[in-house]
Amino acid sequence: MDFSFTEEQTLLRNTVERFVQDKYDFETRAKIIKSDDGWRKDYWQQFAELGILAAPFDEDHGGLGGSAIDIMVMMEELGKGLVVEPFLPTVVLGGGFLRHGGTAAHKAEVIPAVIGGECVIAPAYAEPRGRFNLADLETTAKKDGEGYVLNGHKAVALGGPWADKFIITARTSGGQRDEQGVTVFLVDKNTDGLSTRDYPTVDGYRASEVMLDNVKVSADAIIGDVDNGLELVERVMDEGIAALCAEACGVMKQLVDKTIAYSRERKQFGVAIGSFQVLQHRMVDMYLNYEQSVSMTYMVNLKLGEDATERKKAASAAKVQIGRAGKFIGQNAVQIHGGMGITEEMDVGHYFKRITMIDTQFGNVDHHMRRYAALSE
Amino acid sequence: MDFSFTEEQTLLRNTVERFVQDKYDFETRAKIIKSDDGWRKDYWQQFAELGILAAPFDEDHGGLGGSAIDIMVMMEELGKGLVVEPFLPTVVLGGGFLRHGGTAAHKAEVIPAVIGGECVIAPAYAEPRGRFNLADLETTAKKDGEGYVLNGHKAVALGGPWADKFIITARTSGGQRDEQGVTVFLVDKNTDGLSTRDYPTVDGYRASEVMLDNVKVSADAIIGDVDNGLELVERVMDEGIAALCAEACGVMKQLVDKTIAYSRERKQFGVAIGSFQVLQHRMVDMYLNYEQSVSMTYMVNLKLGEDATERKKAASAAKVQIGRAGKFIGQNAVQIHGGMGITEEMDVGHYFKRITMIDTQFGNVDHHMRRYAALSE
Amino acid sequence: MDLNFTPEDEAFRAEVRAFLESVPPHLRGVSRRELSKEGQLEWHRMVFKQGWVAPAWPKEYGGTGWTTTQRYIWQEENAAYEVPIILPFGVTMVAPVIYSFGSEEQKAKFLPRILSGEDWWCQGYSEPGAGSDLASVRTKAELTEDGKHYIVNGQKTWTTLAQHADWIFCLVRTDPNAPKRQMGISFILVDMKTPGIEVKPIITIDGGHEVNDVFFTDVKVPVENRIGEENMGWTYAKVLLSHERTGIAGVARSKKGIERLKEVAGQELLDGVPLSEDKGFMSKVTELEIDLTALEFTELRTLAAESAGKGPGPESSVLKIKGSEIQQRLTELTLEAVGHYGFPFLGDEQLDGWNESPIGPDYAIGSAPSYYNTRKTTIYGGSNEIQRNIIAKMILGL
Amino acid sequence: MDLNFTPEDEAFRAEVRAFLESVPPHLRGVSRRELSKEGQLEWHRMVFKQGWVAPAWPKEYGGTGWTTTQRYIWQEENAAYEVPIILPFGVTMVAPVIYSFGSEEQKAKFLPRILSGEDWWCQGYSEPGAGSDLASVRTKAELTEDGKHYIVNGQKTWTTLAQHADWIFCLVRTDPNAPKRQMGISFILVDMKTPGIEVKPIITIDGGHEVNDVFFTDVKVPVENRIGEENMGWTYAKVLLSHERTGIAGVARSKKGIERLKEVAGQELLDGVPLSEDKGFMSKVTELEIDLTALEFTELRTLAAESAGKGPGPESSVLKIKGSEIQQRLTELTLEAVGHYGFPFLGDEQLDGWNESPIGPDYAIGSAPSYYNTRKTTIYGGSNEIQRNIIAKMILGL
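Protein chains in written order, with the numbering used here: chain A, 1 to 377; chain B, 1 to 377; chain C, 1 to 398; chain D, 1 to 398.
Don't read these hints as lab results, they were simulated from the structure. You can trust all of the hints, since none of them are fake.
Below, in silico cross-link-like pairs of lysine-lysine (DSS-like), each with a Cα-Cα straight-line distance of 27 Å or less: (1) D:393 <-> A:258; (2) C:279 <-> A:327; (3) D:193 <-> D:220.
Since the model is a prediction, treat every value here as computed from it, not as a measurement.
Just chain A, with the same shape it has in the complex (with noise of 0.2 Å):
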């Protein structure tokens, strides 16, 4: 057993806080998320050029070879900065596939492209009436001569505007929510048929509705074997979820260190907030659900490569951790900031923004709950 950091990670983690401390102040985000594109395609760029995007890639393809804890510590400090480039649904998720399910050519093609920063991709996999299901799918993709016809619709996909290409999941075969029949496929924005609606979302990130009318693919979109996708999803996502707990630990960390900042400023009945013992004893219980994020998000990200079983079991058992203590630290720190927390001025109303949606992302406590319970059966 080991918790210690290489000298490379520790250098990754550098890399992204100086970036986050020297380019994305809290102004500097506030006018991002306002503006009509929603990002910063310059910043992409730069990402691409410090390396950030080659990480958890094979040295054969241009990458880093990194680990999971490689993302970790890179996404706790995106967290910190409440950076919305789409490193998660790009390199972490759409990453993802293409390593572990993707074909030579997606490997040789499109991996090159996203460490250069030339091809963000989002993952499509949620659907309006699916909740948080993965197999639940109302999309369908039909055979069709050597390709396939996707049709239905794909709900809030995080990137959705900036994506080039959507990985879409689809019902090939099987019932509405049967575990065989999902297959994964890489689609171009610019496919004929493919329409998106695109939006904000409550926590300064961009997100689609991706419309699929008779959309047209070949074979070669296919990512992992037909009908056999879930369990590369599954594998995905709970890679997204140990990556979102680590962004989530960068998240509380603002909130506790600021909320602890801020009670030792403020004065009220002519003293410091911080000195009555209700608000200590808050933010020490505060500090005590970060800590025990931490420690779940180590352990999720050091279990994914364990069997399917213990890995979802890990990835649900953090993930409850972390929306639990993520809704206990967001109402805290606004409660202890007062009135300042509310206010869209003040930087730390957005990191509750952003914590509050972390629950829902991937699948709330309920659900993981639920799943955690399933695997222990």
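Please build the complex by placing chains B, C and D on the supplied structure of chain A, with the hints as guidance.
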């Protein structure tokens, strides 16, 4: 709407309150629960003389014709004294069965005996494998000529060691958990084939396991209708819940008051611990929990006369409130008392022990959450 | 003790319902954020015409003289019909101060216009950096040499709907040298059209504009607009703070909220089955419903004590704490219910002039902003921590 | 960063298991309350013979020199085999004070007897009315005129298993005029057979006798039994208080406890179906299990930091708080699981010489007393409120 007490109710309250103050101080109770008998039969006789045992019965049978509110005020005061004498099993439950389901003969013979303090009744409705489901009965009553033969094992009949008569629920037809087929019997303790194992309970009462080995009873023993007893049992148990909630309010009132008083006296680091804001807010939350419990106790007692669904929902909602509040108040009363809270010598631990077991009695929070939800569908 | 309504009560309920049936659809089922100034005023005037704007006022000033039960029925039916609320700033906040401590001229001038809705009031209590510590008033009011006016300088903040207001009531410091902070404060009424007043919006994290900063620069206020004696303002303000418990807990509205939540849960699907059939989610709803039932009876007990002649007191803190916690939980569970469609944020575009179909189901719109917005309920009106301090001191004697 | 065990670790685990397999059944699966003095000593001597009594001690005094991972494995396997614990009073409480601050004579005299189990130690810290305020020591120790002895007078309380003890370590006040309460305290070791010592049982609400009052009346203690310098006892005591984090969280035991709880839930029936299939109940178990997993990794992180050379510090408060809360929740859920059979109370009769069959199922016996007893875990060793004060001050800098 009216939330005031009648003069008679105030009088009843004062009677019980004075009895507890004068004759049921902590040392006296400690002796009672350690004694061989585990209760004071002479006190029971005094209850009879004070008219306490007569409260809910019709004037025709020598009662006072009191309402649920009358029982409520008395139970609250009995709770404040942690009185172990079997008012709830005998007068509320036993009395309830007799009043709502007894034959003319039961009413004419048994009710006056109860009122006179000559007859203690212990309802034996629970079973070892039935948990809180009142219809889940393995005990059988088989038709045998004009009478019935009872076989089975009834669990944890509170007040059993002191009982002259048991009220026993048994299955006369149907499957093990069918609603139909439950019949209620009033059985003398000294009936052939009935034996008990008596024991103390963790909260200072006495209870019995009741073994029925070919116990022959006549048809006169039946309370209510053959096979249709479940509604009667549910009604009486809901009345029991309403009374138990009032007892719980008495117990919680003591826990809250004693904790506040202790926190004012007890010094640590040179100041009264009641001056620490964290403990102040904890005690405020204890108080809020208590007030909400009083509200629910009024609610359920006022709704006992409504139709069955409303009554059941009221009883379950109140029991949930009391269970949750009791846990919070009990745990924190002990915590704030520190080491003193867990010594047998100090009263607060005994209130804690009782409030803990009140959650189990008549079904715990989970059970009543489920019952409430099922009734709301 | 009983829960029965008298035949008179039932007749009253029928009368209330008849009135509420006449409320036009565009005023029903809309949140305060969605309601325009005009809509708010239209509703106020309807209730005024009916004579029911101010149930708690003494009859001589336009109160209804209702019993506690009648007030309870009015609240309950209002929530059931999902009509707007009557804004509290005039009717329940400043009016009791005016009729309790104001001069005859002030009563005659202001009370009828509050009743009729002619004047829209806002509250000038909070100041930047003061939070729940209201006695730390720094906005200054200095008498002119002729003694006829105050010159007011300073800043108020968190002023709800100041952008629509005709008048603001303010705590101002008239004696900076008073030995205690609570002394030397006066209570004044200020016409929002007076030169030197500037209102600046504060945008909250739900994206809404409900609260404002209000700046005072050499604002000239006639001395006649002071309530009661100079430097005694804190005494009057305190009365206001514990006034009017009815409705503070929001029980009737939260009941309706739970109904709505159940409807949402009935439409969301979990593995193809309505979320309302999921025991895990519904047990949280049940828990909330039971909490709310307890609060309802706590409120009824409080109202009963009040109508038995016990004045408003620290019990209102109990209602405030539990009521706000329940409101927060309600929006939290609603956000949880809508799943992924908590994400889309369309600001005000979906409210006005948005011609396309919404993103996701109708009921999901604004669920995250509502949750964000409801955080304020445990902060404003004296944070819940302050309320617990009050209970510890005033009720528990700690 | 990885979770791998080295081949050496796996070999060590095999060795530990081989040893634990040899533990006789009467020592396994028994709670401390059920374990007799003889049983406790039998276990201690077994571990001593193996050389594993004191993993945390420096090797020169008899420590094992284990790595952090080995200590983790030892804890984990101990819990899995449900063997008793090594009582902490000698090995983890007084011994570090002796080897850190004691004289060579003291080390030579006491440490081997602690290791071998020849001396049973108890702790004389708490005093009546002091609670977690340990510096408020009132037990007096006055030097005799010849300077060879202290005469000790006073009372200690909550002294665990003092009824079996051979020695007690005490904080006593040697300078009543010291300017600060923490000064003027000395740390002394007292032979329990000295005349003037009286041990009186305290019965707790679970009906058990585990703690005691210890009275000192003119108890004569040789000056050689003082640790370090006179009046410096508080310094030594503080070190003891934050020492030895391994196991403070009780992770391995709580894991076993959750297994047991699941077994109970598998046997209890709800409407004829095992309680372990009830989603409502099991979601509480799942929640607890997830909490415990988080705590396990927090402990591992703390141990890793410790073995990287960071000394024991306020992080132990984190482990204490979460560990005790989880232990309480465990007994709470167990009591909930057993339903009606939480009621029967048979005191010690069911433990010794009770010949009849128990009331209710075996696993239900003592479930309420365990719940009652576990309340102490958030009170003793510095209440959880004190731990939160420590974190607020030492970690958060508030």
